[in-house]
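Chain C is fixed; fit chain Y onto it per the hints.
There are 2 protein chains.
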Amino acid sequence: MNHRIVIVGGGFGGLYAAKGLARSQASVTLVDRRNFHLFQPLLYQVATGGLSPGEIASPLRHVLHSRNTSVWLAEVTDIEVAAHKLILGDRQLPYDTLVLAAGAENFYFGHDKWEPVAPGLKSIEDATEMRRRILSAFEAAEMEPDTQKRRAWLTFVLIGGGPTGVELAGALSEIANDTLKHDFRSIDPRESQILLFEGGDRILAAFPPSLSEAAERSLIKLGVRPRTKAMATGIDADGVTVRIDGAEQRIASKTVLWAAGVKPSPLGAMLRARAGVQLDRAGRVIVEPDLSVPGHPEILVIGDMASLNGKDGQPLPGVAPVAMQQGRYVAKLIEKRLRGEKPEPFRYWDKGNLATIGRKAAVADLGVVRFSGFFAWVAWLLIHLLYLVGFQNRFLVLSKWVYDYITRNRGARLITGVKE
Amino acid sequence: MNHRIVIVGGGFGGLYAAKGLARSQASVTLVDRRNFHLFQPLLYQVATGGLSPGEIASPLRHVLHSRNTSVWLAEVTDIEVAAHKLILGDRQLPYDTLVLAAGAENFYFGHDKWEPVAPGLKSIEDATEMRRRILSAFEAAEMEPDTQKRRAWLTFVLIGGGPTGVELAGALSEIANDTLKHDFRSIDPRESQILLFEGGDRILAAFPPSLSEAAERSLIKLGVRPRTKAMATGIDADGVTVRIDGAEQRIASKTVLWAAGVKPSPLGAMLRARAGVQLDRAGRVIVEPDLSVPGHPEILVIGDMASLNGKDGQPLPGVAPVAMQQGRYVAKLIEKRLRGEKPEPFRYWDKGNLATIGRKAAVADLGVVRFSGFFAWVAWLLIHLLYLVGFQNRFLVLSKWVYDYITRNRGARLITGVKE
Chain C
1 MNHRIVIVGG GFGGLYAAKG LARSQASVTL VDRRNFHLFQ PLLYQVATGG LSPGEIASPL
61 RHVLHSRNTS VWLAEVTDIE VAAHKLILGD RQLPYDTLVL AAGAENFYFG HDKWEPVAPG
121 LKSIEDATEM RRRILSAFEA AEMEPDTQKR RAWLTFVLIG GGPTGVELAG ALSEIANDTL
181 KHDFRSIDPR ESQILLFEGG DRILAAFPPS LSEAAERSLI KLGVRPRTKA MATGIDADGV
241 TVRIDGAEQR IASKTVLWAA GVKPSPLGAM LRARAGVQLD RAGRVIVEPD LSVPGHPEIL
301 VIGDMASLNG KDGQPLPGVA PVAMQQGRYV AKLIEKRLRG EKPEPFRYWD KGNLATIGRK
361 AAVADLGVVR FSGFFAWVAW LLIHLLYLVG FQNRFLVLSK WVYDYITRNR GARLITGVKE
Chain Y
1 MNHRIVIVGG GFGGLYAAKG LARSQASVTL VDRRNFHLFQ PLLYQVATGG LSPGEIASPL
61 RHVLHSRNTS VWLAEVTDIE VAAHKLILGD RQLPYDTLVL AAGAENFYFG HDKWEPVAPG
121 LKSIEDATEM RRRILSAFEA AEMEPDTQKR RAWLTFVLIG GGPTGVELAG ALSEIANDTL
181 KHDFRSIDPR ESQILLFEGG DRILAAFPPS LSEAAERSLI KLGVRPRTKA MATGIDADGV
241 TVRIDGAEQR IASKTVLWAA GVKPSPLGAM LRARAGVQLD RAGRVIVEPD LSVPGHPEIL
301 VIGDMASLNG KDGQPLPGVA PVAMQQGRYV AKLIEKRLRG EKPEPFRYWD KGNLATIGRK
361 AAVADLGVVR FSGFFAWVAW LLIHLLYLVG FQNRFLVLSK WVYDYITRNR GARLITGVKE
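Going down the list, the sequences are from chains C and Y.
Residue numbering for the first sequence follows the numbering used here, beginning at 1 and increasing consecutively.
Residue numbering for the second sequence follows the numbering used here, beginning at 1 and increasing consecutively.
Since the hints were derived computationally from the structure, they do not count as laboratory data.
Each hint should be verified, as a subset may be incorrect.
Any copy, or any two copies together, can satisfy a pair, since identical chains are not distinguished.
Claimed, not checked - In silico SDA-like cross-links for lysine to any residue, where the CA-CA straight-line distance does not exceed 25 angstroms: (1) 351 - 40; (2) 113 - 417; (3) 181 - 70; (4) 221 - 407; (5) 332 - 387; (6) 85 - 187; (7) 122 - 133.
So here's chain C without its partners, still in its complex pose (with noise of 0.2 angstroms):
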């Protein structure tokens, strides 16, 4: 019988571990609670209107379409470790070789109140419904008489400076600045306060200070307000408390965005409590360096639910691009131990590090060479259309963005979800 590898997480680590398995001897069996593999990367482009759902999404029957690779819509409700089964709900998958690419989640620091006021941004639904209260603001602001009640509606803060909370908060002053300008009769979009807070003390902290300082300085030309070492302590459907140098200050507002942690997917903590493996701080399971958890080679644990060091000693990023090198390295492994080679450990190659943050602006820090601005923008752009997946994506995606770029427009930008 072949060999039997079942791969749980169709994201970046294991759909790229699928692709490099897609000539293999072994059987492949991919298995997701959704039907398609979803580009994290520009998720925020749909949350603010740009990209439709359906243009960073991409069904995974028809990405694995080998002959020797199953797609199984399933939820991973147990692993059972010595007899090498998954079990899902009502039904049991065996396997030989095991790899967990179950990613991330959203993470609210044990303040799970925050969740329904503070949407995060992981899933294409998370995605229609921050687009859909962030086009409701400024249309509850339009039918809103009373002022301060207005303001509340027109201030957006968001709580997380990372990659995500910036682009987020570049996208937002676009829309706020450029896309709704002439759309309002009572309001002008371009009275909307942008704020942005983060714990630590820069803005993309996994950049260079050269580089968040250049990204600080883009988005206050934006209108954005970022504001470093301020700490959210409460967030209700009110507004939202921020501890700035010790003293807490209250900000109204009805749209909180979260961009400010995830956590591992719990199929690591069941691994701990079937396997007996560690756990690092951040929940994520301790591997191996060929990414195989210790005592169990059969199971690899990749992309946002691993953690190991990289050459400098540091912990990997939880990023697409560990994530893709990852699935690619798990592939080849398995081949090899199946023709009895011993493989090499894993080694991330750090291609470096882009974040985009509005029109024309962004930083790049490629090691060598660090840049900001229009040409660190175009590289941004080429990049993730480069690692979009589909053909059709991509060119529908460029076609968006050439048109939105001339005419300022958003045309994804529908308020949906609600029950008529």
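Chain Y in isolation, oriented as in the chain C frame:
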């Protein structure tokens, strides 16, 4: 003070009325519950994964950017006919002329409990829900070991043989026979059954009998099984009971889709209660030849809400061209009234009738010419592109159609709207 025109509804009727008044001296307010105009004739392509919601919807504020026009996102809760005021929850909106263009909604002929098990197709949410059900049915079949249950998952029942039912049936057949052909491992999507039940004598009853026959032949060629004089008498989560030739028959199906009936907006009944207008049997407001309400020349009713006989003595059908022409007409009527001129009565110019059946097949009844097949299909494509609102949408839809035609793919097959 300027003459104040209030239009309720941003469908074809309301949109064309507002556009016709864009250069008027009057001030125009368009009220809708949604922030976008929806191009309903292509909704079935969203329901079947060919197009994304954003491609057939245009933000109303963007389409109606004229300075005399405001858009209110609100729901009409009452009409104070004597005081010339609309009530929108806790807000009021006074009018000098009121245009009611609130369209129609799904109608289950009194069987409201069918709605959750057999969704209709009137909103974006309806369409993504249909898409979710159709795609999930194939996924469930793939995971189902029991042959009989699997068959129920692969049986799709369409209730209603009008254009929507026929278009859905054709698209479903393409999904089963082309798009998903190679996507599954345990099922063959080509084994799906697609059943179309029509209560009347023939499908596409608005067309001449020869075209109904041509449509039926096309459907049969696509593997659809159309059945006329077949009335649904029961629908639940496990299937449908149909009466054919007096005998009841039970069909096990997990996916029943409703395309059998719509009813006009409840604003018609509100107008009867407030202004004593008469409704026809379908619940539409019986209007004067100038589309005004008897006794209230300042209230105009258009589109699916209005009941007016055409020159053949038959009531005008509830289709987009009627609503568009009535919208344009009332815009001119209001302008003429303001200039003190006497307007002509409304006359519908019937340019013909088109329905598509699937890849390369359609029927066209252009009055003097009637044809079916490839050229009818090309005519259908061109006319729908022409009337689609927004240059960007036209470009995106055209490029998707070309791409999907060549590759037989449907990129927007996402199962969304589920909570993770």
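| message | Output the indices of the hints that this structure fails to meet, ascending. | response | Of the numbered hints given earlier, the structure breaks none, since each of them holds.
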